[in-house]
Structure formats: C-alpha cells, structure tokens
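Novice: Okay, here's what each chain looks like letter by letter:
Protein chains: 4
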Amino acid sequence: MKAVVYEGPRKVSVKDVPDARIEEPTDLLVRITTTNICGSDLHMYEGRTSFETGRVFGHENLGEVVEVGPAVSKVKVGEYVVLPFNVACGHCKQCEKGLTNYCLTMQPVPELAGAAYGFADMGPYQGGQAELLRVPYGDFNALRLGEDAEERQTDYVMLADIFPTGYHATEMAQVKPGDQTVIFGAGPVGQMAAYSAMLKGASRVWAVDHQPDRLALAEKIGAIPVNSAEVNPSEVIKDATLGLGADNGCECVGYQAHDPQGHEDASLTLNGLIDAVRFTGHLGVVGVFLPEDPGGKEAQNELEAQGKVPIDFGMMWFKGQTMGTGQAPVKKYNRALRDLIAGDKARPSFVVSHEIDLAQAPDAYNNFDERNDGWTKVVMHP
Amino acid sequence: MKAVVYEGPRKVSVKDVPDARIEEPTDLLVRITTTNICGSDLHMYEGRTSFETGRVFGHENLGEVVEVGPAVSKVKVGEYVVLPFNVACGHCKQCEKGLTNYCLTMQPVPELAGAAYGFADMGPYQGGQAELLRVPYGDFNALRLGEDAEERQTDYVMLADIFPTGYHATEMAQVKPGDQTVIFGAGPVGQMAAYSAMLKGASRVWAVDHQPDRLALAEKIGAIPVNSAEVNPSEVIKDATLGLGADNGCECVGYQAHDPQGHEDASLTLNGLIDAVRFTGHLGVVGVFLPEDPGGKEAQNELEAQGKVPIDFGMMWFKGQTMGTGQAPVKKYNRALRDLIAGDKARPSFVVSHEIDLAQAPDAYNNFDERNDGWTKVVMHP
Amino acid sequence: MKAVVYEGPRKVSVKDVPDARIEEPTDLLVRITTTNICGSDLHMYEGRTSFETGRVFGHENLGEVVEVGPAVSKVKVGEYVVLPFNVACGHCKQCEKGLTNYCLTMQPVPELAGAAYGFADMGPYQGGQAELLRVPYGDFNALRLGEDAEERQTDYVMLADIFPTGYHATEMAQVKPGDQTVIFGAGPVGQMAAYSAMLKGASRVWAVDHQPDRLALAEKIGAIPVNSAEVNPSEVIKDATLGLGADNGCECVGYQAHDPQGHEDASLTLNGLIDAVRFTGHLGVVGVFLPEDPGGKEAQNELEAQGKVPIDFGMMWFKGQTMGTGQAPVKKYNRALRDLIAGDKARPSFVVSHEIDLAQAPDAYNNFDERNDGWTKVVMHP
Amino acid sequence: MKAVVYEGPRKVSVKDVPDARIEEPTDLLVRITTTNICGSDLHMYEGRTSFETGRVFGHENLGEVVEVGPAVSKVKVGEYVVLPFNVACGHCKQCEKGLTNYCLTMQPVPELAGAAYGFADMGPYQGGQAELLRVPYGDFNALRLGEDAEERQTDYVMLADIFPTGYHATEMAQVKPGDQTVIFGAGPVGQMAAYSAMLKGASRVWAVDHQPDRLALAEKIGAIPVNSAEVNPSEVIKDATLGLGADNGCECVGYQAHDPQGHEDASLTLNGLIDAVRFTGHLGVVGVFLPEDPGGKEAQNELEAQGKVPIDFGMMWFKGQTMGTGQAPVKKYNRALRDLIAGDKARPSFVVSHEIDLAQAPDAYNNFDERNDGWTKVVMHP
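Chains as they are written, first to last, in this note's numbering: chain Y, 1 to 382; chain B, 1 to 382; chain L, 1 to 382; chain W, 1 to 382.
Bear in mind the hints are in silico, worked out from the structure with no lab data behind them.
Treat each hint with caution, since some may be false.
To be verified - Okay, the calculated bits of chain W under chain L, using three or more residues with CB under 8 Å as the criterion:
1) 28–36
2) 90–103
3) 133–143
4) 163–171
5) 282–291
6) 324–336
If you're wondering where the values come from, they're calculated on a predicted model, not measured in any experiment.
Cβ atoms here follow ideal geometry from the backbone N, Cα and C, with glycine treated the same way.
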C-alpha cells in the first residue's frame with residue numbers, strides 16, 4: 001500500500017510499504033479515506049523526537065471498515081469509522097475511568113502510558129497516512145458514523161484529534177455558559193478550543209496569535225482576535241475585564257512557542273495565560289510539552305533541554321489558579337461532538353485550508369512546517 | 001490591650017496597643033482565648049515580605065464574642081467562635097461562589113484579591129495575637145462553636161487555618177477512599193493534609209520530610225514516613241506502587257523548600273511531587289509561593305527573585321497531571337471539620353507541641369523559626 | 001404607593017398601600033421599573049395556597065436603587081438592580097454553599113427554609129408589583145446591571161426568576177453539549193429551559209405542550225415542538241432516538257399538570273419524563289409541587305391532597321435515573337446569564353407577550369390565569 | 001458440575017448441570033470458590049419475577065481462572081478474580097462512560113439495558129452458585145486480586161455486589177466527611193452503606209431497621225441503631241439535628257419494604273427517607289423497585305402492581321432534594337474498595353453470618369428468606 005514515510009529531518013516520501021492487516025482477533029482493518037497532517041506531526045518531521053525513519057505518519061484517521069477480527073462484535077464491514085488518535089485497550093485501570101489518553105496496556109514501555117498511531121514514543125502502531133490502517137481493539141476504539149459520513153468526511157475527521165483536543169482544553173479550563181475565555185494560539189487546535197468555548201456558551205472568546213491569517217479565521221467564527229505581535233495580550237484582556245482578566249483560558253501552542261521573530265521560549269504562552277486569567281481561574285494546557293528536548297533550537301538553554309519551564313509559578317499560586325495538562329482522552333468527547341456535527345450544530349471543517357492527494361504529502365509537510373500563509377490544516381484523501 | 005507586634009526582621013515584642021473595637025455595623029469584637037503561630041508568620045517574621053513594623057501578627061484565632069455591631073443578627077455575645085484566616089465580605093463575585101480566599105472587597109488594592117488578619121499585602125486588618133480582635137462581616141466570617149468549645153480550644157482553633165488548609169490540599173489533589181497519597185512536607189499543614197487524607201479513606205499515605213521529629217509525628221497518626229535526607233522519596237513511592245507512583249499528592253512546604261543542608265530551591269518539592277505521582281494524577285499545592293522574592297536567601301538566583309520556578313513542566317504535561325494552587329477557602333470546609341471534631345472523629349490538636357502565654361511569644365517565634373527540634377506548633381492563650 | 005393586592009380567590013386590585021422603606025441597616029429601597037406576573041403567582045391567585053388577602057404580589061423585580069441602609073457598602077443609589085426572587089441572608093449554612101433557595105435565616109418558620117417576595121409560606125416579605133420594594137441584605141441579594149440596563153429591562157428582568165429557573169432545570173438534568181433533551185411544558189419556564197439547553201450546546205431539544213401558541217414560540221427559538229394533545233410525546237422521542245429516549249429532560253409544569261381537557265394529574269408530566277428519558281438519564285424538576293393541596297380541583301383524590309404523587313418509580317429505578325427538584329438558587333446563575341445578555345448571546349425577552357401598566361394588572365391576571373391564547377408572559381412597568 | 005438450580009417458588013435444588021465453558025474468544029472460565037446468596041436472589045426465589053425454572057442462581061462470585069479465550073490478554077490462568085454482578089461489554093455508549101450497570105450490548109432485549117449472572121430479565125447468563133462460571137469479556141469484567149486473595153475470600157467476595165452497591169448508595173447521596181447520614185435498612189446492603197459512609201468520614205450514621213439482630217450488627221461497626229418498630233425514625237433523627245434532619249441518606253430496602261407486622265408498602269422507606277433528610281439533601285436509592293409487580297403480596301394494590309409508588313413528592317420537591325436510583329456500576333468502585341481491603345482499612349466480611357457448602361443451599365435459602373434471626377449473609381464454597 002502507499003503510505004507517507006518519514007525519511008529523516010524535514011523529509012517524507014510517499015512510497016509502498018507492506019499492507020496493514022488484522023493481527024489480533026480484536027483488530028479492525030480500515031481503508032483510510034481521509035487523514036490529516038497535525039501540528040504534532042511537525043515535531044517529528046523536524047527531527048526533534050525519537051521517531052524512527054521508515055515509519056508511517058498519521059494519527060487523525062477516518063475510513064471504511066474492510067475487515068474485522070473474529071472477536072469484533074459491534075463494528076461491521078462497510079461502516080465508516082473515525083479513529084481516536086489514542087490507541088487504547090478499554091480494560092486497564094486508566095481506560096476504565098475514561099483515561100484512554102494514558103492507557104497502560106498499549107504503551108510497551110512499562111514506566112510510560114498512552115499510545116497513538118504513527119507517533120514517537122507512543123508504541124509501535126503504524127500511522128494512517130496510508131491506504132490501510134490496522135486498528136487494535138476495534139470495538140472499543142472505533143467511533144461509528146451515520147449515513148452522512150462519506151459526504152462530510154472533512155467535518156468528521158476532526159473527531160480523531162483536534163476537535164476533541166480543543167474541547168478538552170476548554171474542559172480543563174472549566175468553560176461554562178457566560179464565561180470570558182482566552183485562547184493562546186490560533187492554529188488548528190486553538191481554533192477548535194475557541195470554537196468549543198463558543199459551543200458551550202461562552203459570552204466572549206479571545207484568540208491570541210501573531211499570524212494574521214489565523215487571527216482572521218478565528219474572527220470569522222466569532223472570536224475576538226488579539227495580535228501578540230502588536231499588543232500585550234494580557235493587557236488587552238485585562239482592560240476589557242475591569243482589570244481582572246479572563247475567567248479561564250487555554251494554551252494551544254506548546255513548547256515551540258516563539259515570538260514573531262521566531263525566538264523560542266517554552267514559557268511564553270504559559271506565562272501569558274497565567275497573567276491574562278483572573279484569580280481562581282482555570283487553565284487548560286493542550287499544547288505539547290516534552291520531558292526533554294535535547295535537539296531543540298535553543299538547546300543552549302540548559303533548563304529547556306531538561307524539560308524544565310520557568311513559569312511564573314509564584315504568580316499562579318498567588319492567584320490560586322488551577323491547571324490541567326496533557327493529551328486529550330478523545331473517546332470522552334467524540335460521541336457528543338459527532339452528534340453536534342450530525343445535528344448540524346458544529347462544522348469543524350472550517351479550519352481546513354487544503355484538501356490534497358496522499359501523493360502531495362511531501363509538499364504539504366513542507367508548507368505546513370514553514371507555517372506558510374494560509375496553510376492552516378491539510379486533509380489528505382489516500 | 002497586649003499584642004504581639006512586629007519590630008523588624010526576626011524581632012517581635014509583646015506590648016500595649018490601642019484596643020480593637022467595633023468600627024462597622026457588621027463587625028464583631030472577640031476576646032481572643034487561643035491564637036496560633038503559623039509557618040506563614042515566619043515569612044513575615046524573617047523580613048522577607050512587606051509586612052510593616054508596628055503591626056500585630058496572628059491569623060489563627062479563636063475566642064469569645066464580647067460585642068456585636070448593630071447589623072449583626074446571627075452571632076451573639078458570649079458565643080465562642082473560630083475565625084477563618086480569610087477576611088471576606090460574603091457578597092462579591094468570589095465570595096458568593098465560596099471563594100472567600102480571593103474576596104475582591106476586603107483587599108484594598110484593586111488588582112489583588114484576598115484578605116487576612118495580620119498578613120503582608122492582605123489588607124489593613126490587625127492580627128489576633130492579642131487580647132481583642134475586630135472581625136469584619138461577623139455573621140459571615142465567624143463560625144460558632146458548641147458547648148465543648150472552651151475545653152477543646154486546641155482542637156477547634158485549628159479550624160482557623162491549618163486543618164482546612166491541609167484539607168484543601170487533599171481536595172485539590174482529589175483524594176478519594178482507597179487512594180494512595182503522598183504529602184511533601186510534614187510541618188503543621190502537611191500533618192493536617194496527611195490526617196485529612198486518612199479521614200477521607202485513603203488506603204496509604206506517605207509523609208515526606210527530612211526532620212525526624214516531624215516524621216515521627218506523622219507516623220503516629222498512621223502515615224508512612226519517608227526521610228528525604230536519606231532516600232529519594234519518589235523512588236520509594238514508585239517502588240511501593242508497581243513503578244506507577246502515588247494516585248495523587250500535596251505540596252505543603254512552599255518557596256522556602258530546602259535540602260537538609262539548608263540550600264533553598266523553590267522547585268524541589270514541586271518536582272518531587274510531579275515525579276512521585278502517577279500519570280493523570282492530581283496535585284494540590286498549598287505551600288506558599290510568592291510572585292517575587294527579592295529578599296530571598298538565594299536572591300543570586302535571578303529566576304526565583306522574579307517568582308519564576310523552573311518546574312519539570314515537560315514531565316508534568318507528559319503525565320497529564322492537574323494542579324490546584326493557592327490559599328484555602330476556609331469557610332468551604334470549616335463546618336464539616338468542626339462536626340468531625342464535635343463528633344470525636346478528628347482531634348487535630350495532636351499537632352500542638354507547645355501551649356504558652358502571649359508573653360512568651362518572642363521566644364516561641366525564635367524557636368519555631370529555627371525549626372528547633374520538637375517545635376511543631378505553638379498555641380498561645382492571651 | 002400603588003401596588004397589586006390580593007383580595008381573595010381570582011381577585012386582585014391595584015391600590016394604595018404604605019410605602020416600602022428601609023427597615024434594617026442592610027436593606028436597599030428600590031423603585032421598581034419592571035415586574036412580571038409569574039405562573040406561580042397564579043397558584044396563589046387561584047386561592048389554592050395560604051397567601052393572605054391584603055398582601056402584595058410580585059417576585060420578579062427590577063428597578064433603580066433609591067436609598068441604601070447604613071451597612072450597605074457595595075450597591076449605590078442610582079444603580080439598576082435585578083432582584084432574585086429568593087430572599088436570602090448570605091451567611092447561614094445553606095447560603096454559604098450557594099443554596100440561597102433554602103436560606104434558613106429569612107424563613108421565619110423554624111422547620112421550613114427559603115423565602116421570597118410576595119409568596120405564600122415564604123416569609124413576610126412584600127412583593128414588588130408595586131412602586132417601591134424593600135430588599136433585605138441588599139449587598140448580597142441585588143445583582144447590579146450595566147449601562148444598558150434601562151433600555152433592556154425586559155431581558156434583564158428575566159434574571160429574577162424564570163431564566164435562572166429554566167437554567168437550573170437544565171443543570172439538574174446535567175445537559176451538556178451534544179445532548180438530546182426533552183422539556184415538558186412550554187410555558188415561560190419551559191421556554192427558558194429549552195433556551196438554556198440550546199445555549200449550552202444541546203444538539204436537539206424537544207418542547208412538549210398541548211397549547212399551540214406555546215409550541216409555536218418554542219419552535220421559533222429552535223426547539224422541536226411536540227403536541228401532547230395529538231401524539232404520545234415519549235413515543236415520538238423514542239422513535240427519534242433509536243428507541244432509547246432523550247439523554248435528559250426537564251419538568252416545567254408542576255402539580256397542576258393536566259390533559260388537554262383540563263383534568264389535573266400531578267403525575268402526568270413526571271411519568272412522561274421518566275418514560276421519555278433513557279437509562280441513567282438525568283431529570284430536573286422545577287415545576288412546583290406542594291406538600292399538600294387540600295383545595296385542589298381534584299381534592300377527591302386523597303393521595304394528591306396529601307402531596308403524594310403516584311410516580312412510575314419502579315420504572316425510574318429500573319432505568320437508574322436521577323432526579324433533582326425544587327426552587328432555583330437564582331444567585332448561582334444570574335451573573336453568568338446577565339453576561340450572556342450583556343454580550344448579546346441571550347435575549348430571554350422573546351417570551352414576553354404583553355407589556356402593560358401596573359393598573360392593568362387585574363385584567364392581565366385574569367387572562368394569564370385562563371391561559372388565554374397568546375398570554376405567555378406579562379411584564380408590568382409601575 | 002454441581003449448581004444451585006431454581007425449581008419454582010421457594011424451591012431450589014443442588015444438582016448436576018452441563019459444565020460452563022468458554023464460548024467466545026473474549027471469555028474466561030472461572031472455578032468458583034466463593035459465592036453468596038443475595039437479597040435480590042430472594043425476589044426470584046419467591047417466584048415474584050420471570051426467572052425461569054432450571055436456571056442457576058448466583059451473581060456474587062469469586063474464584064480462580066482455569067481457562068481463557070484466545071482474545072483475552074490481561075487475565076491469566078491461575079489468578080484469583082472477583083466478578084462484578086454486572087455483565088458488561090466495555091465498548092458501548094454506556095460502558096465507556098463507566099455505566100456498566102446499564103450496558104446496552106449484553107442485555108438481549110433492545111429496549112432494556114444491563115445484564116447480570118443468574119438474574120431475571122438480565123440476559124441469559126448462568127449464575128455462579130456452581131462449580132464453574134463463564135465470564136464474558138473477561139479482561140473487562142474480572143477484577144484481579146493479590147496474593148492474599150485465597151485466605152481473605154469472604155472479604156473480597158463482597159466486591160461482587162453488596163460492598164460497591166452500598167458504596168454507590170453513599171455516592172448518590174453525596175456523603176462527604178463530616179456529614180450526618182441516615183441509612184434505611186440494615187440488611188447486608190444497608191450494612192455496607194453505613195460502613196461506606198463511615199469510611200468516607202461521615203461524622204454520624206444512623207441505621208434504621210426493625211430487626212434487632214441487624215441493628216446490633218450496625219451498632220458494632222459504629223452506626224447509631226434506630227428501631228423503627230419502636231420509634232418514628234425521622235423524629236429521632238430530627239431531634240438529634242436541631243430539627244433539620246440528616247444531611248443525606250440511603251434507601252437499602254426496596255419495594256418489599258414492610259412494617260414489623262409484615263405489611264408491605266413500597267413507599268414506606270422512601271417516604272421515611274424524604275422526611276428524615278434535610279432541605280437540599282441528597283438521597284441514594286439502591287433498594288430494588290420493579291416496573292411492575294403483578295405477583296406481589298399486595299396485588300390488591302393496583303398502583304403497586306403497575307410499579308407506581310405514591311411517594312411524598314410534594315414534600316421532596318418542597319425540600320429541594322435530589323435522588324439517585326438504580327443498580328450499582330460495580331466496576332466504578334471495586335478497585336478502590338479492593339485496595340481498602342488489601343490495605344486493611346476495610347473488612348466487609350463482618351456481615352457474614354454463615355459459611356456453608358453448596359449442598360446446604362436449599363436450607364440456607366429457606367432460612368434467609370424467612371429472615372430468621374441471625375441469618376444476615378450466607379457465603380457458600382462450592
């Protein structure tokens with residue numbers, strides 16, 4: 001089958017690899033019809049992780065079931081399914097509490113937790129930027145779609161990762177109707193966080209970024225754009241809230257946060273968030289941070305190479321804020337978000353900037369990695 | 001009246017000050033019969049805050065009501081009351097949600113929140129290490145005690161701060177029956193956190209400290225002592241939990257965390273906690289951290305002088321942990337904890353090491369500040 | 001001052017009564033500019049309660065502060081405020097948990113709880129269908145409005161009762177984004193419940209009633225109308241949900257539930273709700289039920305005269321449903337809902353059918369009580 | 001294999017039936033070493049349900065794994081496991097939220113939900129009062145025990161049903177540290193509810209029953225016994241709480257509630273609970289109620305035959321109480337409760353009155369059904 005294969009820093013190719021196939025009685029085999037490039041693919045693409053050359057990328061996957069293992073009882077051949085990026089077993093201590101993001105079974109390293117398709121350090125699972133995908137524990141992991149699945153794939157594929165991830169940010173930030181919420185980062189996940197806050201009834205949502213195309217997109221869905229290249233976002237938000245700050249907020253950037261000049265500072269958006277949110281406010285951090293980043297651009301910075309981030313913790317404590325962190329448990333949200341799409345109350349495909357063939361992946365990876373103007377979200381159809 | 005007055009770094013005196021009195025129609029006047037020295041008094045005593053010389057210390061106060069303002073309707077003269085260290089109005093946006101720890105009314109600086117008796121930067125309220133105390137919004141702030149109040153003052157006075165503060169740590173850490181919980185710091189607040197975890201039904205509680213007298217006390221109430229001067233606490237806890245770590249944990253030390261040799265490192269206990277708690281675990285931080293600490297012992301450390309703490313945030317995010325921070329909203333818990341004392345299910349006075357007269361305050365401050373052996377908690381009777 | 005006075009069953013008059021005035025140091029005096037007739041006023045109007053003749057009706061009140069007591073510090077003369085129908089003290093065990101609906105202080109009967117303006121069995125507080133209103137504990141009870149208060153009174157006045165009450169129903173029913181929610185009753189409170197469910201992101205909301213004008217209004221705001229005079233509502237909802245039923249639902253009718261022929265049956269809507277909601281679903285009941293109803297139309301029914309309702313409890317238990325009941329704690333929600341109105345995300349005035357002078361009250365009571373076509377909600381301007 | 005077989009009303013026999021065996025790739029086969037008789041077995045034993053003659057009883061089961069299906073990966077042959085009475089799939093909409101009590105997959109009737117071993121209307125699964133038990137979806141359903149499993153079977157077997165069921169009652173009643181809690185019913189489940197409330201830190205727990213042996217047992221574990229044959233329990237509890245009532249309470253009796261003279265009244269304990277609990281209190285109902293009970297002793301009572309219960313709903317609404325109902329989701333609690341047993345913080349075997357051989361089952365059923373003095377809980381070892 002054709003697949004997008006990692007060849008080394010900033011290099012992918014589309015080539016033939018052995019067909020994915022049923023390996024365990026609980027597996028599904030899915031013919032991928034839609035698969036996205038994610039911002040976290042870029043961390044691996046840039047060579048800043050241990051992702052092995054020769055592996056296939058792709059953890060945002062949707063397609064049609066073409067074969068099921070003998071122990072699969074719910075999912076049927078011919079159904080369209082969207083797959084959470086989390087690969088989870090369904091029966092460990094974490095999964096049974098709904099914490100499929102930190103499954104203890106599917107992650108082979110005993111002191112770690114959590115698994116994903118085509119992801120560094122998250123188990124041996126091949127990615128879905130390919131014609132076929134093996135899905136372990138298919139009855140547990142696959143979310144079945146309705147009759148409109150095929151025609152609305154660009155909406156439903158967002159259920160694999162970024163829509164639930166943005167939503168999870170707002171859950172950890174405890175966004176409620178009437179809240180005033182700030183989102184740091186207006187990339188695809190930040191857009192989904194802003195969109196989720198509005199779906200939940202927030203009365204005002206600010207989107208902070210320094211890329212004008214992203215700010216324009218956020219404004220289109222109803223958020224208030226704040227250009228951090230031009231103003232101090234925390235001051236703007238405090239001025240709009242009697243000096244108090246937002247009720248809560250989300251960090252959707254991660255350790256590669258950087259100023260408009262490209263200088264990386266992993267504490268930039270975290271400290272902006274602590275500053276912009278009020279006393280006793282809640283913070284949800286879904287931007288990726290790493291325990292260590294030896295290959296970082298700023299490896300001269302000894303702290304960051306060790307995964308340490310000098311956050312304004314004195315201020316955070318003084319304000320009595322809470323913080324939630326980590327990858328999203330996609331299954332916790334994907335049914336409800338699917339129902340919002342099916343009921344025509346949500347259209348997350350607004351974030352898509354490019355729909356391409358799998359063959360165009362190398363060019364798309366390059367453009368997305370350069371953050372070229374207008375390259376917000378790339379959807380591929382194998 | 002006699003009161004404990006701050007005279008400058010490491011110097012207090014007991015001397016006459018003007019009598020406290022009713023100033024507003026909603027005030028109470030309380031004759032203090034029991035008042036404690038708190039670890040956070042030491043931050044001020046050491047001259048590391050902006051606490052003004054001439055002010056009276058004391059935010060853990062219990063006594064008998066001797067006068068009530070004309071707008072007080074619930075509390076009666078002659079009743080024994082214990083006063084939350086938080087001074088709160090009861091009607092601002094924060095108080096009406098139960099967040100009396102961050103009251104917007106009683107704190108005079110507009111961009112701040114929260115007030116306390118005898119505390120740096122928390123409003124002009126005199127402390128209760130004195131014969132009399134003025135209590136603003138008395139109906140809201142005072143917790144009335146029952147008939148056993150007078151004889152069990154050393155239990156009930158703990159409701160002013162450390163028992164609810166320790167309990168709050170376990171609330172933010174989401175301790176539930178059956179949990180395995182680690183407490184960093186076995187000072188008075190840490191003891192109360194360990195005790196609270198056990199009251200809630202935790203199946204195992206570890207107390208981490210490097211002072212043998214504190215560890216012995218923790219062991220006496222049923223916690224497992226871990227001496228951080230001798231072992232790596234996180235390793236001990238992981239070894240006891242199949243390598244996974246505790247379910248949740250509390251930080252009860254704060255920015256003056258230091259190794260057995262006295263070297264301060266504000267990230268020491270936070271990073272220990274992140275390491276010792278498992279994936280998706282919850283952390284409650286009630287140890288005090290400051291937005292800035294220019295007078296700190298380690299002011300050579302530029303980061304800490306700015307209130308920045310280089311925490312292992314990459315690891316925290318990777319583990320998907322959550323963190324709650326800040327001072328406790330005492331009123332949220334003090335009724336329930338009072339009922340546990342009254343029902344003889346809790347006896348927090350186990351932490352008291354010294355009961356003294358107000359006149360002995362200077363000596364007690366000195367001993368407590370030196371962390372002299374056996375000086376766990378000092379209770380004074382004016 | 002002029003006021004709407006209860007003269008006996010189905011009779012009110014507008015006449016002069018002694019001016020309301022400041023009685024306690026914590027009181028406000030408010031010049032009422034907008035006040036509504038509520039469905040629960042009709043229970044009293046019909047003579048089915050112990051409401052005393054000569055008392056003034058009115059618990060949905062908004063106006064301008066004209067005087068403040070000496071212990072009031074937050075609210076200022078000249079501000080527009082909306083008053084929760086709950087009269088609460090702010091410092092009892094219930095109020096400090098946010099349960100102002102069951103305040104122990106303001107209710108004079110020791111074994112009862114909760115107080116309201118102009119309401120049977122809820123304390124001696126005069127109603128606000130008058131030119132002036134005395135507001136006890138003004139700093140705690142009054143919600144201050146912004147600069148648009150005067151011109152948007154018909155929106156903001158809904159914060160006194162029906163908007164928070166409808167919202168409370170959806171809170172007890174645990175409505176979340178993506179849910180499918182059924183509302184029994186499309187009167188003013190039912191409209192607000194349906195509206196609240198949509199503000200929270202429900203994917204589908206059904207409104208069940210047998211009055212075509214009410215169903216038409218519900219449809220206008222986006223709900224799916226179900227006419228219980230024509231179909232079995234539970235069957236309609238099950239058919240639309242693969243036989244499972246709605247995720248959750250609200251009862252917004254109360255003990256006067258009746259069939260299209262006017263036959264009362266207090267179990268009618270409760271049993272409909274139990275039937276229409278799925279296994280483990282959540283039910284919120286804000287329709288009024290009474291501990292006894294000796295004067296009821298159906299007093300021949302011995303059970304109902306004793307406040308007993310023969311609900312399908314076997315089915316409810318078999319389905320593992322939960323149920324929340326009772327009056328709404330308005331203060332818990334009114335700030336957030338105010339912010340939604342101010343941010344132009346909510347316009348609850350859609351429910352208003354009539355805006356009249358106080359003098360027209362007798363005619364309006366009569367029309368509303370008859371449930372005459374189109375009389376959904378009456379707003380009066382004294 | 002030997003098994004306890006239902007032969008018709010009030011008749012069971014122990015006889016040979018075909019061996020249980022692996023039927024699906026996800027099954028386990030367990031050699032039962034401990035299995036209990038449950039109060040809900042008696043409903044079937046008495047012939048008041050549709051339980052088929054010839055079927056095997058037993059839904060409280062513990063044993064050793066003797067064979068695993070090819071799709072089982074976690075559980076190993078030789079491990080001791082305790083089986084939740086709920087038979088659940090782990091991947092339906094309900095199970096993935098932790099609602100294994102209302103699994104949609106394992107219940108064969110489409111409009112129903114939930115399955116159990118050896119239970120009327122809950123699927124075709126054979127019971128475990130036998131030498132062998134087939135466990136569907138073994139990795140999901142079985143809870144593995146540690147090295148002390150064999151010697152502490154009478155503690156661990158309580159994890160199959162009554163300990164989590166009693167705990168669930170206290171969860172629905174929202175029992176927290178310091179609470180005053182009333183338990184109606186001091187049978188095995190009521191004992192576990194009282195015990196759970198105390199493990200959670202309740203300050204006072206009342207146990208209400210009219211059987212002296214049960215009250216004596218409740219007193220032994222620290223509850224306050226209230227003999228409903230001698231006093232009005234609600235009055236006793238109100239007198240002890242300033243007239244207010246308990247903070248919350250649990251119903252652990254069910255539709256067969258009866259007075260000391262044996263007269264059944266399904267509303268008896270529910271109405272007692274509503275009366276005994278204070279305003280805004282929470283009620284958890286785990287006693288079994290049925291949608292219909294045509295064979296009931298009181299079938300002359302038309303209401304109850306239809307599953308209708310005339311509860312004091314007017315009073316419940318007036319008090320603003322909440323109510324949770326239904327069978328317990330055992331998996332939600334069994335790990336934590338297992339850890340409490342393993343850590344020696346809980347010893348639920350205190351409830352066991354008789355340990356017998358399987359052969360003695362007919363006699364034990366008879367004694368337990370007669371509620372003979374001292375027959376609290378029967379444990380059988382096949």
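Novice: Each of the hints needs a verdict: does it hold here or not?
Specialist: Hints versus structure:
1. 28–36: It is violated, with 0 qualifying residues against the three required.
2. 90–103: With 4 residues in contact (Cβ-Cβ under 8 Å with chain L), the coverage given for the segment 90–103 of chain W holds.
3. 133–143: Coverage by chain L is violated for the segment 133–143 of chain W (0 residues, Cβ < 8 Å).
4. 163–171: violated (count 0)
5. 282–291: Holds: 5 residues of the segment 282–291 of chain W have a Cβ under 8 Å from chain L.
6. 324–336: Holds, because 4 residues of the segment 324–336 of chain W bring their Cβ atoms closer than 8 Å to Cβ atoms of chain L.
The structure fails hints 1, 3, 4 (numbered hints given earlier, in ascending order).
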